[in-house]
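Student: Quick note, the sequences are listed as chains Y and P, same order.
Count the first sequence with this note's numbering and you get residues 223 to 425, in order.
Count the second sequence with this note's numbering and you get residues 293 to 545, in order.
Do not rely on the hints blindly, as some may be mistaken.
Where chain Y lies over chain P, by a calculated footprint (3+ residues, C-beta under 8 Å) [stated by the list, open to error]:
1. 293-306
2. 512-521
Interface residues of chain P toward chain Y, partial, derived using beta-carbon atoms under 10 Å [stated by the list, open to error]:
3. Leu309
4. Thr310
5. Gln312
6. Gln381
7. Arg382
8. Ala402
9. Arg542
10. Ile543
11. Ala544
FYI, nobody ran anything at the bench for these hints, they're computed from the structure.
Note that the Cβ used here is the ideal one computed from N, Cα and C, for glycine as well.
The residues making up each chain are set out below.
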Amino acid sequence: MIASPLAVYNVVKSYRRRAVLRGVSFEAHPGEIVGIVGENGAGKSTLLRILVGLLRPDSGRVHVTGRLGYCDQEPQIFPDLTVAEHFVYFARAYGIAGDRSWLAMRDELLARFRYEQEVNVRVNELSGGTRQKLHLSLALFHQPDVLILDEPFLAFDWETYLRFWTETEALRDGGAAIVIVSHLAHDRARFTRILELRGGRLE
Amino acid sequence: MRATYVGTSAAMTARDLTRQRLVLALALAVPAVFFAAVFATTGERPVPITLAAGDGRVMMVDERRQSLLFIGIAASGLISAFFASSLIQRQLNANRRLVLCGYRAAELIAARLAVLLGIVAITALYTWLALSLFSSPRFPTGVLLGLTVGAFVYGCYGLLVGTLVRRELESIFAILVLVNIDAGWLQNPIYYQNAGSKWLIKALPAYYPSQIAYRSAFASGNMGELVAYGLAYGTALLLVAVALYAVRMRIAR
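Construct the complete structure from the given sequences, taking the supplied hints into account.
Tutor: Put into structure tokens, the structure is as follows:
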């Protein structure tokens, strides 16, 4: 039996007295896209931040195997660095800067999301949508085994949104386990499974 | 600690910092404005000073030279502290993402420290050169050493402030208050002779750097002990900053 690359066991999280997650458990298997849905304030982003390790749960465990990619709603990038410099920085972070093969992956991502001409532009001079493209590209850059996305496409135009799904589905077909938070009704057909977060629990 | 990781982060941090043109212009303007104000408002009359780290005797020194040196230490400390706090606070979430992607918090702070040392050297040298236009101290290199130790100690204080407070405005207040009280007032040797609670003056960050600079400008003697204590003071602040930064950047995996 192959272990799931992402397994969540009975995660509990409260902010002061407000319980946000009351024992969340699920697994994401290779080759599936798990959709997390729920009302505003249901705790979706909190759950995703716990999955990647940005938040510590009050109790419970998260087990991630392999390379992790994460992209949240707000671009976490450096406004005064260029697009190219971001790829250099993150190639180093991912430990893939040793040979030059990461350059091919960078060029492929720039081409797929169509912002090659902005490779030497500083982030603070990019449009909101292009910043989000860079933010997402950095999550996909090292070809993750587990990809966790918190509505990464809100600033995308329709064409980029479709390209995002092409990219994500290719990654899924390559065996990655993907978890996506989304509010969009037309996304639902693309999910292998949908889990609804309600009252701090997944249904 | 992986040297290539530190090198990449230091290079990116330096680029990020040097692209803030307005900040750099203000950093250059601060010592010039401070010196010009002192030059315009002081005379060449002799004033009595007592070195806190000296033998307690009263010396008569030129008011302008003394004031320029005093304000030089405040200027270099202020610039260094502001840059240091900014190095920590800028893009904290993006830096945390780097940790998530494989960086270690210690590598990121080592990179910031490398950039800070560059800032310390440039700030001290620039302040010293500007000071040289108005004044010729007895041991110029000793004054440069005092300015460098001052920029280092206040740089480490800036790193600590950057890790303790989250917002820029709060860190500006935390830096301004201490630099003003310490380097901008209590370390002035004109007031030391009659000051009460002298232990407080000696406990503040600008004490050792000020004494190195004043001794070099107006007296003589071994600087080794003062430099060692000054560097130890800064290093203690730095260690606390590193520990707090590591906690803030911690990933729960």
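Student: So, for every hint listed, does it hold in this structure?
Tutor: Hint check results:
Under the rule that three or more residues need a Cβ within less than 8 Å of chain Y, the assignment of the segment 293-306 of chain P holds, with 5 such residues. Check on the segment 512-521 of chain P: 0 of its residues sit with their Cβ under 8 Å from a Cβ of chain Y, so the three-residue criterion for coverage is violated. The interface hint given for P:Leu309 is met, as the beta carbon of that residue sits about 8 Å from the closest beta carbon of chain Y, less than 10 Å. Given hint, P:Thr310 at the interface with chain Y, holds; its Cβ is 9 Å from that chain's nearest Cβ, closer than 10 Å.
Annotation: P:Gln312 was flagged as interfacial toward chain Y, and the flag holds, the nearest CB pair being 7 Å apart, inside 10 Å. The closest approach between the C-beta of P:Gln381 and any C-beta of chain Y is roughly 13 Å, which is over the 10 Å cut-off, so the hint fails. Proximity of P:Arg382 to chain Y holds as hinted, the smallest CB-CB distance being about 8 Å (cut-off 10 Å). Of the supplied interface hints, the one on P:Ala402 is violated, with its beta-carbon coming no nearer than about 14 Å to a beta-carbon of chain Y, more than 10 Å.
Interface restraint check: P:Arg542 against chain Y, minimum CB-CB distance 8 Å, threshold 10 Å, status holds. The interface hint given for P:Ile543 is met, as the beta carbon of that residue sits about 4 Å from the closest beta carbon of chain Y, less than 10 Å. Satisfaction of the interface hint for P:Ala544 is found here, the shortest Cβ-Cβ separation to chain Y being roughly 4 Å, below the 10 Å cut-off.
Hint violations for this structure: numbers 2, 6 and 8, all remaining hints satisfied.
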